[in-house]
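Okay, here's what each chain looks like letter by letter:
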Amino acid sequence: MLEFICRRILSLFPVILGLLVLTYALLYLAPSDPATILAGENASVEDIQAVRKEYGLDRPVYVQFGMYLKQVSVGNLGVSMYSNRPVLEDIAQRLPATIELALVSLVLMAIGGITLGTMGAVWHNSPIDHVTRMISVAGLAIATFWLAIMLQLVFAMVLGWFPVRGRIPPEMVPPVQITGLYLLDSILTLNFSAFRDAVRHITLPAITLAFGGLATVARFTRSSMLENLTKEYVSYQHATGVPFRRIIVPYVLRNSVITAVTQLGLLFGSLISGAVVVEMIFDWPGIGSYLVNAIFTSDYKVILAVTIVVGVIYALVNIIVDVIHAMIDPRLR
Amino acid sequence: MVVKKFSRDLPATFGLIVVMSILTVAVFGWWLVSGPSDVYDSNLLARLSPPSAQNPFGTDDLGRDVYSRVIIGARSALLVGVGVVAASMLIGVPIGLYAGYTRTIGSEVVMRITDIFLAVPQLVLALAIAQILSRGLESAMLALALTYWPAFARTVYGEVRHQKTSLYVEALEGLGASPFRIAVLHLLPNVAPAIIIRATIGVGFAILTAATLGFLGIGATPPSPDWGLAIAESRQFLPESWWLALFPGLAIFITVLGFNLLGDGLRDILDPKLRRSR
Amino acid sequence: MKHVGVYRSLALALAIAVSSVQFANAEQKNEMVWGELLPETLDPHLASHSQMQFYMLNTYDGLYRYEGNPPQVVPWLATAHEVSQDGKTWTFKLRKDVQFHDGTVLDSSDVVYSFRRLLAMGRGPASAFSSYLKPENISAPDNETVRFVLNERYAPFLSALPLVSIVNEGLLSSHQVGNDWGAAWLSSNEAGSGAYALDTKTYRPLEAMDVHRFAEHFHGWSDNPRPIETVRVRPSKETSTSVLVLLKGAIDATDSFLPPDQVKRVEADEGLRVSKDESMRILVIRMNNKKPPFDNVNFRKCLSYAFNYDGYIAAILQGYAVRNPGPIPQNLWGAPKDLEGYTFDMSKAKEFCDRAKAEGAPIDRKLKLFAPSEHVQMAQTGQVLQAETRKLGLDIEIIPATFPSLAGSMGTPESTPDMWVHWVSTYFADPENWIGQMYDSRYHGTWKASSWYENAQVDEILGKARSALSQEDRRSLYEEASRIIVKDAADIWVYNTIQLRGINKRVNNFHFTPVGAGGELRWMSLGQ
Amino acid sequence: MKDTLPLLSVRNLQLVIPTDEGTAKILDRVTFEVAEGEVVGLVGESGCGKSTLIKAILGILPNQAEIVSGEIKFGGLDLLGSATRRTWHAAKDIGFIPQDPFTALNPVFKVGVQMMEILRWSGLPGEPPGYIGGNTRQRHREHLIKMLKAVQIPDPEDAFERYPHQFSGGQRQRILIASALSSRPKLIVADEPTTALDVTTQREILILLRELIEDDKTSMLLVTHDFGVVAQMCDSVSVMYAGQTMENGTAKDIIHTPIHPYTKRLLACHPELSDEIVGIPGTVPSPIFAPPGCRFGPRCTSCRPACSEQRPPLMKPVGGQRDVACVLLDQGVRV
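Residue numbers (the UniProt record's numbering), protein chains in the order written: chain A, 1 to 333; chain B, 1 to 278; chain C, 1 to 528; chain D, 1 to 335.
No lab work stands behind these hints, which were simulated from the structure alone. We put the CB at the ideal spot given by N, CA and C, even for glycine. It cannot be assumed that every hint is accurate.
As the list claims (entries may be wrong) - Taking lysine to any residue and the SDA-like style, the derived pairs with C-alpha atoms no more than 25 angstroms apart in a straight line are: (1) C:Lys391 x B:Gln54; (2) A:Lys53 x C:Lys391; (3) C:Lys237 x A:Lys53; (4) A:Lys53 x C:Gly411; (5) C:Lys264 x B:Gly63; (6) C:Lys348 x C:Ala358.
As the list claims (entries may be wrong) - According to the in silico footprint, chain B covers these stretches of chain C (three or more CB under 8 angstroms from chain B): (7) 65-73; (8) 397-407.
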């Protein structure tokens with residue numbers, strides 16, 4: 001197991017290196033000249049030249065890339081060209097917001113998807129099954145940004161049940177930071193009003209973000225459950241007198257969830273993609289909105305860093321998924 | 001037999017009908033609207049009017065008819081979907097065939113490159129690429145194709161690897177057929193069902209992602225009646241002018257739904273081995 | 001042994017809980033939530049856009065400051081200045097009673113350090129000085145005096161001084177890394193003397209920032225008996241959401257970009273009002289005068305006649321803008337009062353287009369108009385032009401792009417787009433900020449001069465205006481230049497902005513100034 | 001047949017399943033009995049309805065199955081009364097050994113957990129099924145470990161905590177046998193318990209099974225297609241073909257003097273029981289398009305025109321202790 005994990009982690013490096021080359025090459029091809037942008041709105045031609053020199057933008061591309069690699073290898077992802085702040089610091093500050101959103105979405109996704117999928121499979125071809133199937137196809141066809149806007153429109157703007165934006169009310173001071181996850185921090189500090197506010201704020205973004213994944217999980221759970229229900233061990237247990245509901249939970253469910261878990265890695269990718277627009281629409285201060293902001297300002301160091309960080313997280317999540325998979329499926333141990 | 005099986009699959013039939021309708025709308029869109037003036041010309045006096053008999057989907061902030069713009073938007077949406085998938089196939093399928101069939105350093109390298117592309121969520125990578133290209137629908141399409149081809153490469157690679165062990169390939173190799181011949185004339189037709197399924201669902205997916213790029217302001221450009229762009233433009237008029245966001249979104253939803261259902265149906269027919277899961 | 005750790009962490013959690021309860025009790029205070037956008041960095045020497053102006057005006061002080069509308073330059077850290085006969089040597093006397101937030105006294109060496117730092121960083125605000133001022137020519141004869149020796153006569157020097165925040169030299173030196181002038185530290189900290197001080201702990205880039213009143217501010221607080229103790233700045237990136245937050249009472253003011261469509265909605269709420277102030281920010285549709293067919297004056301005239309100015313201002317902006325026919329805001333000196341400019345006239349447009357076509361201008365090609373995506377108004381403006389010119393058979397494509405990437409592509413005529421739309425805001429309230437930097441060919445390659453307009457006569461007039469010291473002389477020179485440029489239809493000038501900001505009525509004494517859009521918190525108080 | 005009241009009796013059971021192509025007549029008047037302490041072999045080719053019959057006895061018929069007529073009685077209890085759901089009573093008293101030990105155990109749960117679950121819902125004698133209060137769990141665990149020892153699983157304590165894939169096929173079948181016997185049922189239904197195993201293991205398992213049920217005087221319905229197994233294990237035999245009972249009788253009678261042509265042909269397939277090896281030409285007919293009369297008719301060398309019109313009833317041949325359904329009886333065929 002340990003060897004397996006180590007091997008997987010080692011296999012990360014070539015991918016990350018490739019990623020660095022890829023993103024750097026892309027950004028090198030960008031038509032807009034970072035030096036002009038850096039020099040500012042009122043810069044003169046000499047100013048621009050000076051900036052170019054200062055940032056090493058006049059050196060050959062491989063030298064620039066080499067400089068960058070050297071920095072990255074010591075854990076320095078560079079400084080934002082706009083704010084002069086270390087990118088890693090900004091990412092670290094914003095990561096908890098995204099993690100919180102992603103975790104809550106994952107939980108919604110798992111609970112909702114597995115429940116729907118199970119109901120659909122157990123009551124195969126019943127109205128519940130039809131609803132499950134409708135949700136599972138709709139979830140893959142609905143545009144996350146549109147869903148976000150519609151939920152925001154109906155539940156926040158018109159009905160006013162939930163806040164329109166942000167993680168906490170604007171006038172509120174965030175709970176004391178322990179983990180950076182407001183839901184957790186507010187509980188740990190027994191700050192229940194903050195907890196309530198945090199829940200209200202995260203509800204719409206999390207539901208939006210969870211919807212597509214929920215559909216996938218429901219779909220996988222349903223089909224895998226249907227398949228598992230035809231398995232010999234089900235009819236065997238049934239034949240020995242174990243009641244049907246008892247066979248479903250926990251026995252068939254565990255087998256079906258294993259299949260669903262293998263999809264979590266893939267889902268995580270769509271979760272990140274979704275987070276980009278969801279965070280933007282709900283003003284959620286995570287790395288998704290950070291990336292959108294960097295793209296809008298052509299802050300290439302930030303784009304580069306976020307892409308790398310997302311790539312690394314994505315790969316790590318896939319490793320974690322593999323490990324979880326191995327843990328719940330004894331055959332793989 | 002196939003037709004009968006398909007027609008009994010209600011969702012797939014629905015999908016086919018939707019896709020055919022969208023195709024019709026895309027081709028004959030101009031017959032369904034009263035003219036280019038409704039689509040492009042501003043009418044500042046009638047701006048932001050709610051749905052009515054005259055403007056069934058209301059008007060936008062420049063007074064243009066939302067219905068006409070949604071109808072005309074189908075063409076570019078479809079063009080993007082099909083274009084991206086076609087381009088991705090052009091890149092991905094040969095790469096997948098090559099890497100799957102040969103076992104050389106080259107195929108290893110190619111598949112590692114594929115891994116790198118797959119190591120970042122597609123939208124993030126597409127955003128980064130589209131961002132450096134000049135703005136416009138073509139750039140968005142290019143960005144999507146450049147990030148979507150690994151999906152095809154993977155699919156074909158997997159299928160070819162699977163087929164390669166079959167007896168018929170060994171037999172052909174024994175007969176001294178050239179690798180190129182085997183790959184193109186024999187393997188390709190056998191992996192075609194997988195490609196077709198992937199492509200059908202891919203069209204829906206590409207439309208969805210292109211709309212997202214348009215929404216983020218790096219896809220289609222005004223004044224083209226792009227659905228994603230329209231939703232982005234609608235935001236500042238919410239909640240009052242809800243129709244601006246509702247109808248283009250529904251159009252995306254129905255179109256993508258149609259392609260997904262059709263893809264599912266095709267999967268059931270073309271590849272009964274694959275589960276109806278994804 | 002394990003349990004000890006558990007108890008410890010429980011105790012810690014409890015302690016934190018108690019402290020947070022105290023925090024929660026501290027609410028009902030003299031606090032305001034302000035919806036202004038935050039600058040991407042807190043370093044005041046890196047930028048000069050409106051977000052930065054807001055931050056700078058409140059946490060930093062400059063030698064001079066703009067107050068009122070139209071803005072007047074008033075002495076601030078400086079008490080007075082002298083200019084030598086040749087107009088090159090400027091000597092400033094400083095106040096003696098100024099403290100930085102850390103308690104150290106602000107003296108002339110801080111001023112010298114600040115200007116040298118500004119020039120060394122070479123970003124944003126530096127461009128108003130870098131061609132005219134060398135770092136070695138800034139000196140401090142004594143603690144209360146600062147002397148600048150300019151390379152050449154530069155009349156707008158005084159008007160540009162409010163761009164420069166004076167930073168705490170001692171504090172920055174202690175946070176210097178390498179020779180970065182403390183830049184890494186200052187990007188998320190503050191080293192000023194302004195009326196409000198940054199609460200560093202609460203700062204989250206682009207998301208949240210709290211500032212507390214600085215009781216020892218040199219200006220004193222006698223003119224504001226109930227100043228606001230704490231202001232929490234909470235920007236909403238989407239204006240539509242910020243309006244909702246305002247309606248809910250969660251923020252006391254939106255930013256100054258309230259869409260005209262939202263004015264009625266805000267005003268319908270009894271507790272809210274909309275502050276509508278004519279600013280000095282003109283909207284321009286730029287044309288690349290070096291690229292055919294825009295090199296043809298008749299074609300440029302054709303487009304100038306084809307824009308529906310009145311319809312645009314009346315319908316889309318709901319009347320919240322003032323037609324501005326030339327390149328200087330019409331409420332600033334130097335703008336000719338009798339300038340007629342262009343009106344919406346499709347028959348004239350057709351006539352000029354036909355003429356241009358007859359002269360061989362390739363007017364049938366696809367014309368690309370770039371619209372900064374930060375503000376929807378830019379694309380709307382393009383669409384209004386696009387919709388009318390379509391009737392003339394012109395094919396304009398509107399391409400959204402970010403302002404920074406656009407501004408970064410203006411280096412050569414070839415890389416500069418056919419057309420683009422932008423505002424020119426008040427960086428400093430002098431015609432030089434508009435016509436001078438926009439149409440003098442010495443500024444070619446910068447975004448402000450991106451129409452690549454070249455006219456030797458205009459260059460000469462603008463040069464003269466720059467070095468003339470009397471405002472009366474300068475006024476007539478700028479008026480003359482304006483007329484020539486408008487006659488050449490170098491660009492399409494649309495309007496001067498009326499800035500709209502939704503404000504809760506409990507906020508008193510909101511004073512609008514084009515520089516900083518009225519975000520100077522020092523004057524405000526909260527009442528019922 | 002013995003004179004005592006049978007433990008299990010199936011009479012004239014007729015069962016159909018409606019399908020898209022038509023109604024499948026899966027079972028057509030199936031009749032046989034299992035007496036207390038008796039081992040009955042149910043013999044027939046695959047697809048002859050044996051599995052459906054077992055499902056009917058175990059009460060796990062699919063929802064769409066319809067009982068047209070007939071009855072299944074178990075110790076006086078009407079098993080069809082509860083249609084498709086297994087009654088607790090029957091669960092307790094009927095143990096089940098499945099065909100394939102490789103797939104019958106859920107791969108992701110420990111063996112012990114699965115055995116406990118099964119025992120929980122059948123219960124030890126005297127316990128209400130489903131009850132797990134008090135020290136029941138502990139008692140069940142101890143009992144199951146004893147059972148594992150009885151079926152010769154090495155180190156049963158440890159085996160209890162292991163996963164199915166860590167056992168060989170033979171060991172898994174032993175575990176399933178232990179599980180089936182754990183509630184001390186009166187009847188064991190064993191569905192071809194050895195077909196999935198190799199020959200040596202088959203023999204060992206059968207010997208073990210035989211010993212275990214003899215000790216407790218447990219009855220067993222042993223489904224098989226292998227007359228070798230019948231000869232080794234069974235007291236009586238019921239021969240089925242395409243959902244129809246062809247011949248019932250003692251194992252000795254049937255093996256040595258088969259009457260029904262199908263039985264004869266079936267026996268002829270077994271080298272150790274027959275002198276000549278002959279296959280049966282043709283295949284089992286589809287239950288949907290089954291001929292109205294004797295379903296073996298089309299493959300029968302002794303087929304008469306009457307055979308395809310009406311199926312002959314089960315009758316005792318003159319001087320015989322068995323039941324045969326064949327027109328040959330009318331012709332006066334004797335034992």
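Checklist entry - What hint numbers does the structure not satisfy? => result 2, 3 and 7
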